[in-house]
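Going down the list, the sequences are from chains A and B. Residue numbers for the first sequence follow the numbering used here, so the first one is 16 and each next one is one higher. Residue numbers for the second sequence follow the numbering used here, so the first one is 722 and each next one is one higher.
Please note: incorrect hints may appear among the correct ones.
Unchecked claim - As a list, the in silico EDC-like pairs of lysine to aspartate or glutamate whose alpha-carbon atoms are at most 16 Å apart:
#1 Lys424(A) to Asp489(A)
#2 Lys592(A) to Asp1090(B)
#3 Lys583(A) to Glu1087(B)
#4 Lys483(A) to Glu432(A)
#5 Lys583(A) to Glu849(B)
#6 Lys592(A) to Glu961(B)
#7 Lys589(A) to Asp1090(B)
Read the hints as simulated data drawn from the structure, not as lab findings. Note that the structure is a prediction, hence the values are computed from the model and not measured.
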Amino acid sequence: MAKASKFLRNFCIIAHIDHGKSTIADRIMELTGQVSKRDMEEQLLDSMDIERERGITIKLTPVRMYYTALDGNEYEFNLIDTPGHVDFTYEVSRSLAACEGALVVVDATQGVEAQTLANVYLALDNNLELVPVINKIDLQSARVEETKQEIEEVIGLDASDAPCVSAKEGTNIRDILEAVVKHVPPPEGDTDDPLRCLIFDSYYDNYKGVILFVRVKDGQVKVGDTIRTFLSEKRYDVTEVGAFAPQMQPKSLLSAGEVGYIAASIKSIEDVEVGDTVTNADRPAAAPLPGYKKVQPVVFCGIYPLDGSKFVDLREAILKLKLNDAALTFEPDNSVALGFGFRCGFLGLLHMEIVQERIEREFNLDIITTAPSVSYLVHKTNGESFYVDNPSHLPPPTDIDYMEEPIVKAEIYTPPEYVGSIMELCQDKRGVYKNMTYLDARRVCLEYRLPLNEIVYDFFDELKSRTKGYASFDYELDGYERSKLVKLDILLNGEACDALSTIVHEDHAYRRGRMLAENLKDAIPRQLFEVPIQAAVGGKIIARETVKAVRKDVLAKCYGGDITRKKKLLEKQKEGKKRMRQVGTVEVPSEVFMEILKTNKDRK
Amino acid sequence: MAGIYIHVPFCRHKCTYCDFVSFPNRMDVAEAYMACVIKELEMRGKELEGRSFDTVYFGGGTPSVVDPKYIYAVMRKIKESFTLSARPEVTIEINPGTVSEQKIATYKRAGINRFSIGLQTAIDAQLEDLGRIHNVRDYLYCTSLLKGENFSADIMLGIKGQTREDVRKTVEIAAGSGAKHISMYALTPEDGTPIYTDYLNGELPGGDEVAALYDYGRALLAQKGYARYEVSNFCKKGFESRHNLNYWRRGEYVGVGVSASSFMSGRRLLNTSDLDEYMKCILSGFFPVIDCEEVSERDAKFETVMLGLRTVYGFSPAAYRQTFGSDWKEDFAAAYKKTKEFLLEEGDCVRIRDEYLYVQNTILAEYAD
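Isolated chain B (complex conformation) (with noise of 0.2 Å):
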């Protein structure tokens, strides 16, 4: 398995909870930065040559705020300078105010079949409280368009004011408009976004209401039909993100545009977040790499069991055994006493026990160095 990640750093109006790398500003360069996405791809391909890929995610940023046809291009490019699978997985963020008819069209004609839209809540006052561009309606519009489509739907915890109804009302509308997946995530208040003075203030919902929303939106979820895959993840059966737990396997990714990391060839190289150096790089025919980690051999053992532990998958001791030719518990002795009680051991399975999968740092810093 290995994938393809695309960053598209443009967005119309940047939420207020949002600390991805994202110029709302700056959409006079998507054209240009466009053509330096398309020319990184090709750069890559050369050094990539012979491998083979199974998943392209177009990611932001807004990826569907900009042009459909540079999204058709990027395909283009990837198709032409790099080997896909037979059937693969490819997946762009949108957001339910940015679609037409048209661009749904011009994506499935790039070869686009797995559409991630961000509903975040179905309570409109909310939605604008988050400097979400898009209400309830637009959602609903940009389904309808999506009928029949493998799409998914990110669901938002601890929004200011949030209440269990307002999560079920969620829940509800996202299932019933036909997601095969939903993605059910924590509300992070990050330092400098305007969102942290509101938790500075103590207006958020805190940690223990949270985990009460979560565990109450994750049992609605299971009455539908979706089943937890991921700590933040459940689908309908067969629907998992194929791109996503590749990451949780350690699988290998290219990461392409602005802040993208990647991970080849044990190394995880992270390219610059400063959009005008990107470009220049770009241009001037070098990477824009800031960042190579050369992956330890302790460090690739801990993230098989990070990111392992993450999905309800867990990880397997005997590929664990296989790769490092050691046993995993003698490698995490002390981690491994002091967590053991919250671990499930079955067969050739270690994972987090299903009722602290929501405390997971705790357990899986103890593993960390």
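Chain A extracted, bound-state conformation (with noise of 0.2 Å):
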């Protein structure tokens, strides 16, 4: 039996958004020499734009390192980054499972927060043993004691030895590695048993083909061996493998304990999916590791090229998305409106923001999104059910018997003062009362009910103004419950527009309607002739507004027959006109499909 390497350390992060993660990975990475100081940027670990900018971590990213602890031996490290954000939960799931420990990193001026203790239980699950960390302990508002406490009462953590560090100052950050040699277990496995890999993350590479990011679990894997996964039967030769420290470190073989990528040619995006396991083609593995739990997008909109002919990029780049963001569901869809695109699930609205974006920036394509909608159960009277989550794929009101909405429980964190302005908001989105809990004399938290597709629309938005930014939110879903909801549809020049269709609640659909139409009115431009809005339920006008049809357009005196420049002025406003899909006889800006359902009269 050749067990794997004693001197083995697999650790995640866990921690609140801006409770420090990633600037603690980065003085892990500093002090072990992974980086010099002067070649480091700002947060190693978030290489997205996307990242950087706002400050959050959305993909894990592993790194290996190596470390001399006191006892004289040399460690190898493993570190995964995670994300903290709610919409990426399952991300962190998946990290957990490739590591053997997690620091459960605090900060010292904030305490426990809901979301680290929701991956601290998800920890728990995967059997992890947990290292507590207190950071920013150079604040002044510093409370290392009381923070200790909390971690004892609330997580359930002996935090009597945790290590007290200030990440951005990079003091006592050893005592984290220390932690690690003697909290965090050595792999187990066996180097000689037949190969498994947990592919816990992929990525493509134009040169490589998919990059898996593999857990080995047993055995070894090295160039030259054939390969195949579980739920494939195609069989693929080793090119590479490696190491991450970070950038990628082609070694001689990965075995047991050791976290890695493999590259294999793999071309075919669809070939492969995260959380399948990897064997040896020629001496495969009696059964595949447990994976993990398929999750269940919980937010959808529609995505369409701005330019229709670039329906088959976007196929692309949402595919090599979907590589290495296993959440993301998709399926082709076609609107009217919008032409051939995809519907698209989320894990939740950040989650949404970020594919969009990634998609636009990291893919360079225009796209046009709709409004984001959830998931219906709809029971017809001839006794079936399904799931609906576009608007437009609703059956006929006579053909429904009754529908069912998601639930989330959600909870709300905020200074006591502006408990009743956030009750007030909650009251309006159809939300129910659970409980409320003085956390201290500072922190509130209101829980509530609340159905889904009241949150998808700008729920955050409003709740971050009423509390000047101070309150926080996190939801989970929590089951279905029978609702009186309706399709309201947009009749743009008396004609439907399908892209503009929304579900809501009967109680809400004349205000909504309303508030759609006087959208609308200011968001369409004026055209050659009148336009009438008219939103519709079950085929009743319930609001009209009109849009003026445009009375002057017409170019300045001659600039002393500067044709060019007119041309350039008509060129302009052509380019102005593609940006805008046309409804029927009606051109509409591009971005209305997503803003107009935002209810902050203020959008752009």
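Make one complex out of these two single chains by using the hints.
Written out as structure tokens, the structure reads:
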């Protein structure tokens, strides 16, 4: 029996947003000499532009390091950085499955936050050894002792000798590494057993094909081996294996316990699924690793190329994103107003926003997105039941017996002075009050049950504006409930526009119809003819606005025959038109489809 | 048809809406500049030998602000370096605040036979607001000097506080003064001009109000015998501006002076807008051209349609076919489909329906690339 190295430690970091996770990762890498301070870009692991700009981690990123501990031995560390936002819980659970331990980072000024707790439970489910770390001790408002107490009370971890650090200033970082050596167990697994690697991430490289990010559980893999996965019968010859340093660094082999990558000229993106197990094709393991539970998307929207001819590029972009974003789902969709595109499913609103932004940035595609929707459970009069997430796929009202909508359990953390205003907001969004707890004198936790479709539009913006940005908000799905829902249609110049249809609660239909019509009136530019905008429910008009015909649109006096300038003016105007969608005879700016549902009047 | 345009980039005071190339504080170099214009004419003349020109147009700035002897000198050079047709139309833009009997006499001697006068509005307070140096009395004095001559008056719409009554008064004064031609155009608040601030603060009449003033003014002009032949241009029968018609028919023209543009042999040229650079170039014997656009066939087609549709004469599909060897409706199939209900097709003429001429950008933009 050849056991995995006892000098190996695989761990990840769990923390709430802003509690300093990526900065701690940076400091650890610095200390282990993985990157020199000089070469260091702030927050090295957050390699995507969006991550650095928003200061959040979206993707998990592995990195290998060597550390000589106080006991004189050299240890190999594999650190897997993970996202902190609720939408990316799935990513967290994947990295947890590749580790034996986790650092639980808590901000000494903020205490334990809900999201940290949620991920701690996830880690416990995965039998991970937890090492608490208290960060930001350099701040004046740091309350180290209280925080330790809170960790013990709320999380139930012994925090008496937890490392107290300042990642920003680099204080006591070595304590973290020693704690990892001491508390995180080395991996189990046998290098002689048949190969089993868990794919925890992947991405597409233009030269090498699909790159698999793996944790080797059993056996070994080296260049020249033939591998296959359990879900696909296809065989691939391994062309490269290696570790993350944090850039990919080729190695001769990867063996049980190690974290690394495999390249095997895998051309087809669809052949790889995160969570699947890789094994040796000639000496396959008997059974795959447990993998992870498939996540269900909860928020949906349509994504269409602005330029209809870019459909294939959009498809390619979504496929490539899907490769390292297993939670993203999509299927081809066709809208009368927007043409061919995709109906995509996301874990939450932030996830949706990130995907949209990545498509635009990383693939340089201009896209149109429709307003977010949720998945409704429709019960037809003939006894059939099915889920519908696209309002235009809803059967006619006469065929529907009743509908159910997803409900979330929401926790809103706020200073006490905003409680009244938040309750008003939740009330307005059909929320049902559950509980209120004072966490301390300055923090209240409000619990509500809210329909998901009420929070996908503007709940978060509203919450932030009503509380001057102080409130934070977490939610988790809490089943389906029967509800009186109707489809609200929008007619432009008498023609229904499928991409503007929404599903709303009956009691809100009139108000939302009014609002939509008013918003559209401001958003649709005046055309050569009058454009009536109507909101309708089940064929009945409930609101009407009119965009008046444009009356003046002429070029200024001739510029001494400067026809080039005139041409340029017209070309510019045409350019603007290209960003519009033709709905029947009416030209509608593309951002309208997404923005229109925001109640916020000062939207751009 | 071919025209010559001379740009005179000087004025006594910059109007609050003006974004033309004009230098109120550079009158000191007027003499040197006009000498450069004459030099450029000589340079161009050599290049364009053999061509005949039908119109000459002095625009600005304010051509009437410089000593009329320079205009005379320029005209002499034109006659010397270029071939003019038998009865050329020779226009000069004049500001009513800058004329005298002697000036007009010199212009006439120089061969000028058409005058374009910037009245703008018959309300003195509005003239002051626009930064104009003249008042209504100046205009009336100016036109009294031009009795019996062919002259045009410019009228502006969209001035701060302008009412229908103001437009009526202005049209009446312009018509009553004996103008054969009236240009009625909308003030365009350009970024960088003082009036743009008024626009940003919502102090200027909005598009709908301007459109209402335009409709009113147009009806009034029709009553007084001025027919619309282009979106902003109206005239008594036979008094169209030949120089401008040439632009709209894609005729050739040579532009001389700072910022002037030319269209010759399928190329659109633009002179520098920098006064000093212009003079430096000319004095060193170089053409002061900063931009040269080789008009592609697609652009030429677009220009034919866009320029033609500005006027009530539209354009001729037969002539289009003869020039390009293709059918315009096929060349612009998508645009045509979207705009055909706003067009009038009669015989060999396609034009924008009268009621849509004032929203022509929206229509023409469809034809752009």
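Hints versus structure:
Distance restraint check for Lys424(A) and Asp489(A): the Cα-Cα separation of roughly 8 Å lies within the 16 Å cut-off, and the hinted pair is therefore satisfied. The suggested pairing of Lys592(A) with Asp1090(B) holds, with an alpha-carbon distance near 11 Å, which does not exceed 16 Å. Under the criterion of a C-alpha separation no larger than 16 Å, the hint pairing Lys583(A) with Glu1087(B) is consistent with the structure, at around 13 Å. Distance hint between Lys483(A) and Glu432(A) is fulfilled; the C-alpha atoms sit about 11 Å from each other, no more than 16 Å.
Between Lys583(A) and Glu849(B) the alpha-carbon distance is near 33 Å, which puts this suggested pair outside the 16 Å criterion. At roughly 34 Å between alpha-carbon atoms, Lys592(A) and Glu961(B) are farther apart than 16 Å, so this suggested pair is violated. For the suggested pair Lys589(A) and Asp1090(B), the alpha carbons sit about 7 Å apart, so the restraint of at most 16 Å is met.
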